[in-house]
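Residue numbers (my numbering), protein chains in the order written: chain Z, 930 to 1121; chain R, 202 to 629.
By construction, these hints were calculated from the structure, which means they are not laboratory data. Source: prediction; values computed, not measured. We put the beta carbon where it would ideally sit given N, CA and C, even for glycine. Be a bit skeptical, because a hint or two may be false.
Cβ pair distances, simulated, as ranges [said to hold, decoys possible]:
id, chain 1, residue 1, chain 2, residue 2, range
1, R, M267, Z, D1115, 46 to 52 Å
2, R, P561, Z, M963, 42 to 48 Å
3, R, R285, Z, D1115, 51 to 57 Å
4, Z, M963, R, T444, 48 to 54 Å
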Amino acid sequence: MIDNRRGRTVAEANATQAGDPTRRDMLFLATGAMGAVGVAALAVPFVRQLAPNAQTVAAGAPIEVDLTPVAEGQGIKLFWRGKLVFVRHRTKAEIDEAAKVTVASLPDPQPDSARVKPGKEQFLVVYGICTHLGCVPMGTAPGEGRGDFNGWFCPCHGSHYDTAGRIRKGPAPKNLEIPPYAFLSDSKIRIG
Amino acid sequence: MSGQSTYVPKWGIAKWMDSRLPLPRLVYDSFIAYPTPRNLNYMWTFGGILSLMLVVQIVTGVVLAMHYTPNATMAFNSVESIMRDVEYGWLMRYLHSNGASFFFIAVYLHMFRSLYYGSYKAPREVLWILGVILFLLMMATAFMGYVLPWGQMSFWGATVITNLFSAFPIVGETIVTFLWGGYSVDNPTLNRFFSLHFLLPFMIAGVTILHVWALHVTGQNNPTGVEVKSYAKDTVPFTPYATVKDSFAMVAFLAVYAYFVFYIPNYLGHADNYIQANPAVTPAHIVPEWYFLPFYAILRAVPDKLGGVLLMFAAIAVLAILPWLDTSKVRSMSYRPLARQCFWAFCVTSVMLGWLGSRPAEGIYVTLSQVFTALYFAYFLIALPLLGLFETPKKLPGSIAESVLGKSAGGSGAMVGAAAASEPNTKG
């Protein structure tokens, strides 16, 4: 038995010297490959644990919002999934202003109709998160500056949004994002 | 650098240890007998000061972690409790928060030294790149540490900086969600930042060991940029010469640090961070800590989100390839008349970017940020590659000893050098 092994080792050594892969080379490679697969598999839980946990996901369930108290020209702030949402009850002038812009001239071209629900043009629902680096744009609370386009103005890096929440000037690349929502009745929406 | 170890264990226990784990030998060779160029000036003391500041930050940080609560509802109050209720808690926190600033003051002066005297050039490229990695680790640590008090600047600083990653196409949003552990900066974010803020300083300590190791392989650069030619003539032993000089510089540095800690502890901070984090209200003017301002100015100079983010990262990445951008064989700017002027212009540019980073992002400030961002990159990508080809450097001294002791010292003065090196105690 021992002699056998020794004999094989010598044969293998000779084969390696000749440049031929041996049984042992094969075993080394296979073991190494299995080890690499194992480490990669182990990396999955270590990366996945970084994702939002079940509690956070559950807290992100849809919410219902009654818009009756929001008077024309007024805006409200609320949170969904820890993110700030603006709802603005737009005036006729604001809707017209947003509608008459040449869409092609915008940095992120989108007509006003694509930013509201049909027949509910007066309500604009957007995330209150600047698409540049996530600050809260000013313009919802009374008295806050609304920027050059009468919508919102982000004080962090100077992005101006219009009355449809579209980016008009500044470093932000996109229009204010729109959360998933639907009208349950004329004055009630569900976000999520 | 000296090659041979000159350590001779004196006592029995030292001999016993030396043949088992030669740690005393390593310390002796690295910090006592280690030959240092005899012409080093005070700009060479910041390495030691940085090591000291790392120890200060780890010691005060571990103490603070004993009293701090990394939870979004309790973090702010636990920091206030440290300030008011914990005995000497105010001292620990002010030492730690100002310590971060002074860590960066020291690292910027350390980098200034390397840039002026060409310490990044061959054969010190790996040493330099390890330094760039240390700088990155420091920035990550400082950023996450600033989030922990959970004040308004903490929260919004974290929001702005983590959102940088959303600029990357396709994977950006996923990366940000995984950074946050949710859909916005919240409790999971605070928890993981606390964990990483505790870990990273020890990684800094580890890379520092590699940094010092690399330094001791190539030896120190010096104000002439001329390599050591003779240990006897050009160098003096680390102890007492560098030990005493480093210690004096540390005391001077700590005196300024103490002035800030005891007299103006909040001078480098922001009043907004004494307001608890509120995700519904952004402070009117979000500003990062002063040591990030030049990079923040570069970020804001570009009117495109991804472009700004890439340019900001490039401003640091360009440092890593600097050894290959500078084509001049002459290390020290003292012997490069044109490059020296460009270097000072670069220093002014960096300070101007810092100032612009603290201004609002509007009007003339944006234009100026763009101009100085262009100048910042021009130094690395245009000035240094071209100057090495066209510039006529001044005549370099024949040796370090000659630069210190005059032309005659190269010959007869060598005696003085040799005497000083062999009998350090009579001269020190």
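Taking the hints in turn, this is what the structure says about them:
1. Taking 46 to 52 Å as the suggested C-beta distance range, the pair M267(R) and D1115(Z) does not conform, at roughly 57 Å.
2. Between P561(R) and M963(Z) the CB atoms are about 58 Å apart, so this pair departs from the stated range of 42 to 48 Å.
3. A C-beta distance of roughly 53 Å is found between R285(R) and D1115(Z), which places it inside the suggested range of 51 to 57 Å.
4. Taking 48 to 54 Å as the suggested C-beta distance range, the pair M963(Z) and T444(R) conforms, at roughly 52 Å.
Comparing the model with each earlier hint shows violations of hints 1 and 2; every other hint is respected.
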